[in-house]
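Novice: With chain A held as given, fit chain B onto it using these hints.
Number of protein chains: 2
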Amino acid sequence: MNNANSLYQYGTLAMLVPGLFEGTLPLKELLKHGDTGIGTGDGLDGELVILNGVAYQINGDGKVNELDDDFMVPFGDVHFASFEHLANVHALVKMEDLEEKVSSKLDWNNVFYAVKAHGTFKSVKTRSVHKQDKPYPTLVECAHKQNEFEAEDVEGTVIGYFSPQIFNGAAVGGFHLHFLADDKSVGGHLLDFEMVSGDIKVQKLDELVQKLPSSNDDFMKHDFSNDDIAGAIGEAE
Amino acid sequence: MNNANSLYQYGTLAMLVPGLFEGTLPLKELLKHGDTGIGTGDGLDGELVILNGVAYQINGDGKVNELDDDFMVPFGDVHFASFEHLANVHALVKMEDLEEKVSSKLDWNNVFYAVKAHGTFKSVKTRSVHKQDKPYPTLVECAHKQNEFEAEDVEGTVIGYFSPQIFNGAAVGGFHLHFLADDKSVGGHLLDFEMVSGDIKVQKLDELVQKLPSSNDDFMKHDFSNDDIAGAIGEAE
Chain A
1 MNNANSLYQY
11 GTLAMLVPGL
21 FEGTLPLKEL
31 LKHGDTGIGT
41 GDGLDGELVI
51 LNGVAYQING
61 DGKVNELDDD
71 FMVPFGDVHF
81 ASFEHLANVH
91 ALVKMEDLEE
101 KVSSKLDWNN
111 VFYAVKAHGT
121 FKSVKTRSVH
131 KQDKPYPTLV
141 ECAHKQNEFE
151 AEDVEGTVIG
161 YFSPQIFNGA
171 AVGGFHLHFL
181 ADDKSVGGHL
191 LDFEMVSGDI
201 KVQKLDELVQ
211 KLPSSNDDFM
221 KHDFSNDDIA
231 GAIGEAE
Chain B
1 MNNANSLYQY
11 GTLAMLVPGL
21 FEGTLPLKEL
31 LKHGDTGIGT
41 GDGLDGELVI
51 LNGVAYQING
61 DGKVNELDDD
71 FMVPFGDVHF
81 ASFEHLANVH
91 ALVKMEDLEE
101 KVSSKLDWNN
111 VFYAVKAHGT
121 FKSVKTRSVH
131 KQDKPYPTLV
141 ECAHKQNEFE
151 AEDVEGTVIG
161 YFSPQIFNGA
171 AVGGFHLHFL
181 ADDKSVGGHL
191 LDFEMVSGDI
201 KVQKLDELVQ
211 KLPSSNDDFM
221 KHDFSNDDIA
231 GAIGEAE
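In order, the protein sequences belong to chains A and B.
The first sequence: position 213 = 213 (full-length UniProt numbering), numbered continuously.
The second sequence: position 59 = 59 (full-length UniProt numbering), numbered continuously.
So that you can see chain A by itself, here it is in the shape it has in the complex (with noise of 0.2 Å):
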């Protein structure tokens, strides 16, 4: 049942830029689906990390909790690890241009893939947003509201997924990554970074398992067509 090539997706980005954040899904199912992911709580309830099975949520205030089966999410990314091994990080690397080699290298602009980095790193900088209560703000005005978070000198993992543009708006077109400090110091959606040392991995993902949460109404009864989605999402995320 454990395909190595799926990535399952539960919701969309495009649900939660007029602010679609009720949690829909336990993260128990979501687990069922992959080991290995990112995503969002319930209420845009913090930065998830899933890392060998084990899912930890870097809330609003940039602390880590780990999560208990019953913690329901309206986003979410996962997929069974099989990494294979792309390249050693020996000097400096800042996010954009790791983003940049692992694409030139890798020549799967027009699959999913999923990437892992994991090392050392000279500076992260990620942020993360306080639960939202009802009714829900748009997902730029969370992005306004999101606490920012900064550390030096800290080992941690990068996690993520490349997505091809066509599927801007159901993902994000392009690289979506999280990060998690091994000592769970400091996470969440990763803005910038310098790592130095380490390794990156890679996993090529041709199959996209995209779930709607077609019990929920309000994402049944939304109209989308007024919502800029890409425009939302290249402003938020």
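Careful, some of the hints might be misleading.
Which copy? The list can't say, so a pair holds if one copy fits it or any two copies do.
Pairs of lysine-lysine, DSSO-like flavour, derived with a Cα cap of 27 Å [to be verified]: (1) K204 with K221; (2) K221 with K101; (3) K221 with K116; (4) K105 with K221.
No lab work stands behind these hints, which were simulated from the structure alone.
Specialist: Frame of chain A; chain B shown alone:
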């Protein structure tokens, strides 16, 4: 294994836009993921209709052929039929009005769904195209070479899918419908029809399994950034 909520899509519409028409999946593999659906053949070789596990091709001459298991496809949408009755047709309804009626009655604009309408058609207008050779033309160039077929007073089946707008590019946002006459006298990609009696069935599909042809070099190496995907789908589909 058979998930009645799942739409399996092999290839993307975006892929067809610049002319990536090479058939990379044998029909027998596609049929493992559904017994009902639509698609096209290697080199854009006709329009496919799959009903009850049997695949038919309407070729560029409008002739209907039952297909072998080893027929290769670049693009196909299939699911396992488990339709529910939506409405009966008692009076003349045009294609556009039927789409509008189905869409407004269901309120399923944010998920995928299958549509199957069987009955009597006062008129049917379809298209299909001859198999193209390499170097392949673009989808829009093919649309200009397509053959159109018209029939009157014919019994047959409309089969196809509705996809949410954020998946336009991966799929056809909105309706993508094919036709096959009961007596196999006519069929193809639907351009228009007037249905006078019969029934309309639908099946909600809240999961898309999107498989990409990652072993096809032409696909993997193509730069989609200059292709006007939405424009071409609007013009050609």
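Novice: All the hints need checking, so say for each whether the structure fits it.
Specialist: Hint by hint, here is what the structure shows:
1. K204 with K221: between (35 Å within a copy, 15 Å between copies)
2. K221 with K101: Only across copies: K221 and K101 sit 17 Å apart there, 42 Å inside one copy, limit 27 Å.
3. K221 with K116: The answer is between: 23 Å across copies meets 27 Å, while 37 Å in one copy does not.
4. K105 with K221: Between copies, since 13 Å is at most 27 Å while 43 Å is not.
Hint violations for this structure: none, all hints satisfied.
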